[in-house]
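S.K.: Next come the chains, spelled out residue by residue.
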Amino acid sequence: NAGVTQTPKFQVLKTGQSMTLQCAQDMNHEYMSWYRQDPGMGLRLIHYSVGAGITDQGEVPNGYNVSRSTTEDFPLRLLSAAPSQTSVYFCASTHSPSGGNTEAFFGQGTRLTVV
Amino acid sequence: TQLLEQSPQFLSIQEGENLTVYCNSSSVFSSLQWYRQEPGEGPVLLVTVVTGGEVKKLKRLTFQFGDARKDSSLHITAAQPGDTGLYLCAGARGDDKIIFGKGTRLHILP
Chain S
1 NAGVTQTPKF
11 QVLKTGQSMT
21 LQCAQDMNHE
31 YMSWYRQDPG
41 MGLRLIHYSV
51 GAGITDQGEV
61 PNGYNVSRST
71 TEDFPLRLLS
81 AAPSQTSVYF
91 CASTHSPSGG
101 NTEAFFGQGT
111 RLTVV
Chain D
1 TQLLEQSPQF
11 LSIQEGENLT
21 VYCNSSSVFS
31 SLQWYRQEPG
41 EGPVLLVTVV
51 TGGEVKKLKR
61 LTFQFGDARK
71 DSSLHITAAQ
81 PGDTGLYLCA
91 GARGDDKIIF
101 GKGTRLHILP
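Just so you know, the sequences run in chain order S and D. Position 49, counted from 1, in the first sequence is what my numbering calls 49; the numbers after and before it change by one each time, with no gaps. Position 21, counted from 1, in the second sequence is what my numbering calls 21; the numbers after and before it change by one each time, with no gaps.
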């Protein structure tokens with residue numbers, strides 16, 4: 001099972017450049033989310049989606065866009081990269097955001113550096 | 001505002017000792033989870049607790065959910081070097097957001 005696949009694993013951007021972080025899951029999960037992880041800050045929720053066509057903002061959404069055209073894919077877009085967006089990004093999917101079946105499956109992460 | 005406060009942030013102890021890590025909040029959660037993360041990897045689920053007062057055991061790890069479903073603890077008995085890692089608690093509040101604490105970085109000295 002592939003689970004959650006994130007690409008790329010590493011990326012260096014110049015300030016002002018745009019890029020898309022790809023995330024795909026093959027578990028037919030409705031709920032997908034993006035987090036960023038910075039030293040000493042744990043995982044902070046950027047955007048999430050409860051199903052195809054539905055997205056919403058998390059704790060730190062500024063500077064990021066998402067879309068959910070299919071159940072499988074949930075790309076994260078940086079429109080104009082800034083050094084403050086240097087971080088490790090994780091995509092996760094789960095069967096349900098509430099109740100007893102909330103186990104989140106994570107991708108391997110994307111280490112992004114903005115110079 | 002950090003909804004889930006984990007303590008301690010860092011912990012370094014000798015092999016064989018016991019330890020407890022705490023996850024506290026002023027919010028009520030419908031469920032709470034503990035994850036462990038290795039360097040260069042995504043977090044991996046250890047346990048989910050759903051019922052207030054619930055206690056779950058996973059070998060030498062004991063997890064407890066507070067009666068009011070606002071806090072949780074992770075207790076490790078006779079810690080081993082293989083327990084070294086970043087431990088994260090995460091909570092689902094019922095508003096479709098799964099929120100993580102800042103994590104406890106645990107280092108077990110052989």
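No lab work stands behind these hints, which were simulated from the structure alone. Just so we're clear, the structure is a prediction, and the values are computed from it rather than from any experiment. Watch out, some of these pointers could steer you wrong.
[What the hints assert, rightly or not] Chain S is faced by these chain D residues, among others (derived, beta-carbon under 10 Å):
(1) Leu11
(2) Glu15
(3) Thr20
(4) Gly40
(5) Val44
(6) Lys97
(7) Phe100
Glycine residues also receive a C-beta, built at the ideal position from the N, C-alpha and C atoms.
S.K.: Does each hint fit the structure? Answer for all of them.
M.R.: Hint by hint, here is what the structure shows:
1. Using the Cβ-Cβ criterion of 10 Å, the hint placing Leu11(D) at the interface with chain S is not satisfied: the shortest such distance is roughly 14 Å.
2. With its C-beta approaching chain S no nearer than about 26 Å, Glu15(D) sits outside the 10 Å limit, and its interface hint is violated.
3. For the restraint placing Thr20(D) at the interface with chain S, the shortest Cβ-Cβ distance is roughly 19 Å, beyond the 10 Å limit, so the hint is violated.
4. Proximity of Gly40(D) to chain S holds as hinted, the smallest CB-CB distance being about 7 Å (cut-off 10 Å).
5. Annotation: interface hint on Val44(D) holds; nearest CB of chain S at approximately 8 Å, less than 10 Å.
6. Nearest Cβ of chain S to the Cβ of Lys97(D): about 6 Å, under the 10 Å cut. The hint holds.
7. Interface hint status for Phe100(D): upheld, as the beta-carbon distance to the closest one in chain S is roughly 4 Å, under 10 Å.
Hint compliance for this structure: hints 1, 2 and 3 are broken, all remaining hints hold.
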